[in-house]
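Visitor: This is what each chain is made of:
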Amino acid sequence: MAFILDKVSYRYSEGTAYEMTALDQVSLQIQDGEFIGVIGHTGSGKSTLIQHLNGLLKATEGAIYFNGQDIYDKDYDLRDLRTQVGMVFQYPEHQLFEETVFKDVCFGPKNQGLPEKDVTLRAYEALRSVGLPDKYFDVSPFELSGGQKRRAAIAGVLAMKPSVLILDEPTAGLDPRGRDEILDLIAEMHVHYGNTVILVSHSMEDVAKYVDRIIVMDHGHVMFDDVPREVFHHYRELEEIGLAAPQVTYLMHEMQERGLDVNCDATTVDEARDAILQWIGNQR
Amino acid sequence: MLRDITLGQYYPADSKIHALDPRTKLFGTLLFIISVFSFEGVIGFVAITVFLFWVIHMSKVPLNFMLRGLKAIMILLIIAGMFNLFLTPGQPLVTIWKISITREGLRNAIMMTIRMVYLIMGSSVMTLTTTPNQLTDGLEKALHPLNKINVPVHEIAMMMSIALRFIPILIEETDKIMKAQMARGADFESGGLIKKAKNMVPLLVPLFVSAFRRANDLALAMEARCYVGGDGRTKMMPLVYTQIDRVGYAVVIGYFILLMVIKAVL
Ligand SMILES: Nc1ncnc2c1ncn2[C@@H]1O[C@H](COP(=O)(O)OP(=O)(O)OP(=O)(O)O)[C@@H](O)[C@H]1O
Ligand SMILES: [Mg+2]
Numbered sequence: 001m002a003f004i005l006d007k008v009s010y011r012y013s014e015g016t017a018y019e020m021t022a023l024d025q026v027s028l029q030i031q032d033g034e035f036i037g038v039i040g041h042t043g044s045g046k047s048t049l050i051q052h053l054n055g056l057l058k059a060t061e062g063a064i065y066f067n068g069q070d071i072y073d074k075d076y077d078l079r080d081l082r083t084q085v086g087m088v089f090q091y092p093e094h095q096l097f098e099e100t101v102f103k104d105v106c107f108g109p110k111n112q113g114l115p116e117k118d119v120t121l122r123a124y125e126a127l128r129s130v131g132l133p134d135k136y137f138d139v140s141p142f143e144l145s146g147g148q149k150r151r152a153a154i155a156g157v158l159a160m161k162p163s164v165l166i167l168d169e170p171t172a173g174l175d176p177r178g179r180d181e182i183l184d185l186i187a188e189m190h191v192h193y194g195n196t197v198i199l200v201s202h203s204m205e206d207v208a209k210y211v212d213r214i215i216v217m218d219h220g221h222v223m224f225d226d227v228p229r230e231v232f233h234h235y236r237e238l239e240e241i242g243l244a245a246p247q248v249t250y251l252m253h254e255m256q257e258r259g260l261d262v263n264c265d266a267t268t269v270d271e272a273r274d275a276i277l278q279w280i281g282n283q284r
Numbered sequence: 285m286l287r288d289i290t291l292g293q294y295y296p297a298d299s300k301i302h303a304l305d306p307r308t309k310l311f312g313t314l315l316f317i318i319s320v321f322s323f324e325g326v327i328g329f330v331a332i333t334v335f336l337f338w339v340i341h342m343s344k345v346p347l348n349f350m351l352r353g354l355k356a357i358m359i360l361l362i363i364a365g366m367f368n369l370f371l372t373p374g375q376p377l378v379t380i381w382k383i384s385i386t387r388e389g390l391r392n393a394i395m396m397t398i399r400m401v402y403l404i405m406g407s408s409v410m411t412l413t414t415t416p417n418q419l420t421d422g423l424e425k426a427l428h429p430l431n432k433i434n435v436p437v438h439e440i441a442m443m444m445s446i447a448l449r450f451i452p453i454l455i456e457e458t459d460k461i462m463k464a465q466m467a468r469g470a471d472f473e474s475g476g477l478i479k480k481a482k483n484m485v486p487l488l489v490p491l492f493v494s495a496f497r498r499a500n501d502l503a504l505a506m507e508a509r510c511y512v513g514g515d516g517r518t519k520m521m522p523l524v525y526t527q528i529d530r531v532g533y534a535v536v537i538g539y540f541i542l543l544m545v546i547k548a549v550l
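Read top to bottom, the protein sequences are chains A and B. Its first residue numbered 1, the first sequence is counted upward by one per residue in this note's numbering. Its first residue numbered 285, the second sequence is counted upward by one per residue in this note's numbering.
Hints listed in this document are in silico derivations from the structure and should not be mistaken for laboratory results. Just so you know, not all the hints are guaranteed correct.
[Said to hold, decoys possible] Mimicking BS3-like on lysine-lysine, the simulated pairs with C-alpha atoms at most 27 Å apart in a straight line are: (1) A/LYS103 to B/LYS460; (2) A/LYS161 to B/LYS463; (3) B/LYS432 to B/LYS519; (4) B/LYS460 to A/LYS74; (5) A/LYS58 to B/LYS463.
[What the hints assert, rightly or not] In silico contact screen, one side only, chain B against chain A (beta carbon under 10 Å); selected entries: (6) TYR294; (7) TYR295; (8) PRO296; (9) ALA297; (10) SER299; (11) HIS302; (12) ALA303; (13) VAL345; (14) PRO346; (15) GLU457; (16) LYS460; (17) ILE461; (18) PRO486; (19) LEU487; (20) LEU488; (21) VAL489.
Where is the CB? At the ideal position from N, CA and C, for every residue including glycine.
Whole structure, please, built from the sequences with the hints as guidance.
Guide: This is the structure in structure tokens:
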């Protein structure tokens, strides 16, 4: 079992006039190899939650266990945790600093203490996998476009080969194709390496398409925690907290309301097509 | 963590002191500081103490916020107190080995401590009840006459408020970048001085880049809105004195005269 969160609460600026409870008694279990989506409206505590998982924020109350060890133990090595739990932040391009893209990607593996050869190999692999053309490897990261910077930054985390990969809205501000490419890549790696992936996203379509489990955050609480199909059944409650279900969920419900007896579980376009075809088949 | 060290330590509350015009507060603080450095005798001390705590009570800011500012200068206070205590020549009170505490030394140490503590607390009342922006607005208006001798008061005030505005943003940015690099295994704590400085590179480069980007964006945005400084510029929230400010001035001046009278009589 990868993570156990036991009644984790977090307050920003504790003890000042601006005290703010961002997480309130959150309890979760995350198994090895899961692909989890975290959704919630702006300010619901998603970023705060995931920053606990690699010890960047320390819970005000509660405990977190990683592979059976309490990460707040005095002799627990947080740096070791961070090499196992990779984190791509919102707008990761702001973390680029080296003279060349390639060197920047080497930064993470180098900090892991890998030998020079492995570092180079991993950086190369990671850059290839995010689809950045070779000609950009030796230019300054500041000369890249926004989307290219994003890819370079993501490569910087992938190169560390983390067993748990956390991504905080990795595709915000990318064009549709770039978005699909990056998410496909992450899904592919998940299948290939069997790593745990936690994806924070505002796009219900993305979440529905890739993840096996959705955690819905609302005002620092976990509101739903279930497979996408079950979560999107509650689309009216989701709307109340400023979220929505994927477009096809609405389509299917609308069809049912108009008397077409289709299966409303579909959350992706493919599933919807299958459900409709099945219904047509039944009609005959 | 980092966000807690903001220069503007404004404490939001709904009080008479918060409602005062920043110019009134600036003037009041100035008079209070003068009074702190010129009072004499026990009666003067009592008057100042009563006045300070009355204002703090009025401001509805918890006392421990006022005392927080003192923590920073605690060491300075102790060292200065020691110097005064042991190194002032005069009539010895106690002598331990070669060092002696004199009557004058004791008096100086006590006076100096009181003055420093009250100075910090007095100015804390102002900074805790006034946002940095109000403060620069107040300064700009109060210093407006200096325009006559070609001091670009408005520009200076503008620069000040931009700088103040950017402090929390940059602190937040530092926090973010630091976390992002720590997630990639960066280590900002261990190692010697040179290693530590070297380890700062992954933090400082992105920070500078983002500071320049933000400055650039802001300049562009200001230009796009046809910003011109100085004369003829109107304010969204112009500073105007109200009844409460007249009362404020009266109270502060009354307090000051009272202290001067106490001083003259004694
Ligand atoms: N550094 C901070 N200091 C104080 N409060 C903060 C800080 N960061 C976040 N908060 C507050 O904590 C709450 C949760 O923030 P968080 O960043 O976790 O939200 P989020 O779900 O990631 O939102 P978004 O979708 O906009 O990224 C918000 O109300 C926010 O205002
Ligand atoms: Mg966020």
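Visitor: Next, verify each hint and record whether it holds.
Guide: Do the hints match the structure? See the list:
Between the alpha carbons of A/LYS103 and B/LYS460 the distance comes to roughly 21 Å, so the proposed pair stays at or under 27 Å and holds. A distance of roughly 19 Å separates the Cα atoms of A/LYS161 and B/LYS463; the hinted pair therefore holds under the 27 Å criterion. A C-alpha spacing of about 20 Å is found between B/LYS432 and B/LYS519, which places the hinted pair at or below 27 Å, so the restraint holds. Of the supplied pair hints, the one linking B/LYS460 and A/LYS74 holds, its CA atoms being roughly 25 Å apart against a limit of 27 Å.
Note on A/LYS58 and B/LYS463: the hinted pairing holds, with a Cα-Cα distance of about 13 Å set against a maximum of 27 Å. Against a cut-off of 10 Å between C-beta atoms, the interface hint on B/TYR294 holds, since the closest Cβ of chain A lies about 8 Å away. At its closest, the beta carbon of B/TYR295 sits 5 Å from a beta carbon of chain A; the interface hint therefore holds under the 10 Å criterion. A distance limit of 10 Å between C-beta atoms decides the matter here; for B/PRO296 the minimum to chain A is near 6 Å, and the interface restraint holds.
Using the Cβ-Cβ criterion of 10 Å, the hint placing B/ALA297 at the interface with chain A is satisfied: the shortest such distance is roughly 8 Å. Nearest Cβ of chain A to the Cβ of B/SER299: about 13 Å, over the 10 Å cut. The hint is violated. About 12 Å separates the beta-carbon of B/HIS302 from the nearest beta-carbon of chain A, more than 10 Å, and the hint is not met. At a threshold of 10 Å, the smallest CB-CB gap from B/ALA303 to chain A is about 18 Å, leaving the interface hint violated.
For B/VAL345, the interface hint holds, the least distance from its beta-carbon to any beta-carbon of chain A being 9 Å, beneath 10 Å. Here the hint on B/PRO346 is kept, as its CB sits about 9 Å from the closest CB of chain A, short of 10 Å. Because the closest C-beta pair between B/GLU457 and chain A is about 8 Å apart, less than 10 Å, the hint holds. The beta carbon of B/LYS460 is positioned within 10 Å of a beta carbon in chain A (closest approach about 7 Å), and the interface hint is therefore held.
Taken as an interface hint, B/ILE461 checks out: its beta carbon lies about 6 Å from the nearest beta carbon of chain A, inside 10 Å. This hint holds: B/PRO486 has a C-beta 5 Å from the nearest C-beta of chain A, less than the 10 Å allowed. This hint holds: B/LEU487 has a C-beta 8 Å from the nearest C-beta of chain A, less than the 10 Å allowed. Residue-level restraint check for B/LEU488 holds (minimum Cβ-Cβ distance to chain A is 8 Å; threshold 10 Å).
Taken as an interface hint, B/VAL489 checks out: its beta carbon lies about 4 Å from the nearest beta carbon of chain A, inside 10 Å.
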